[in-house]
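Chemist: Based on the provided sequences and hints, a complete structural model is requested.
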Amino acid sequence: MGLLFVGIGGSIGAVCRFLVGRWVTARYPSSFPLGTFAVNVTGALVLGLVTRLAGLLLPHMATAVSLFLGIGFCGAYTTFSTFSYETVTLIRQHRVTTAALYVGMTFIVGFAAAGFGLYGLSTQR
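Residue numbering for the sequence shown is 8 to 132, as defined by the working numbering.
Please note that a few of the clues may not be correct.
Label pairs and their calculated CB-CB ranges [said to hold, decoys possible]:
#: 1; residue 1: Gln100; residue 2: Met8; range: 43 to 51 Å
#: 2; residue 1: Ile115; residue 2: Met8; range: 31 to 39 Å
#: 3; residue 1: Met68; residue 2: Ile98; range: 41 to 49 Å
#: 4; residue 1: Val22; residue 2: Arg59; range: 22 to 30 Å
For the record, the hints were derived by calculation from the structure and aren't laboratory data. Here the structure is a predicted model, which means the values were calculated and not measured. C-beta atoms are modelled at their ideal positions from N, C-alpha and C, and glycine is treated no differently.
Modeler: Below, the structure written as structure tokens:
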């Protein structure tokens, strides 16, 4: 059953990644890879929220939610390979400052989004 949850979540995540990436790129044309950046940051936020939600659910529900949304959806939605490729492409184009900004922003904003998803709505400190 777990394989089914991961497979369905992954299928939905891949389609969402394609649609969100294209929408952001079309809406905000830029030489900066905004589509991938937006996908990875929102994916980090969703994974943080999923992790938080799973901690509030009964164990069998938490497993299903984690498999479907965490591993399936977020695994297919986010993209480290495209992030890496775009960074190398920027460097090969001698746009080292843009590449460094892209890497730094992706990690800083991505960690912040994951942290907000995990702890931002928490009532416990």
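Chemist: Does each hint hold? Answer for all of them.
Modeler: Hint-by-hint comparison with the structure:
no., hint, result
1, Gln100 to Met8: 43 to 51 Å, "holds (46 Å)"
2, Ile115 to Met8: 31 to 39 Å, "holds (37 Å)"
3, Met68 to Ile98: 41 to 49 Å, "holds (44 Å)"
4, Val22 to Arg59: 22 to 30 Å, "holds (25 Å)"
Figure legend: structure checked against the earlier numbered hints; every hint is met.
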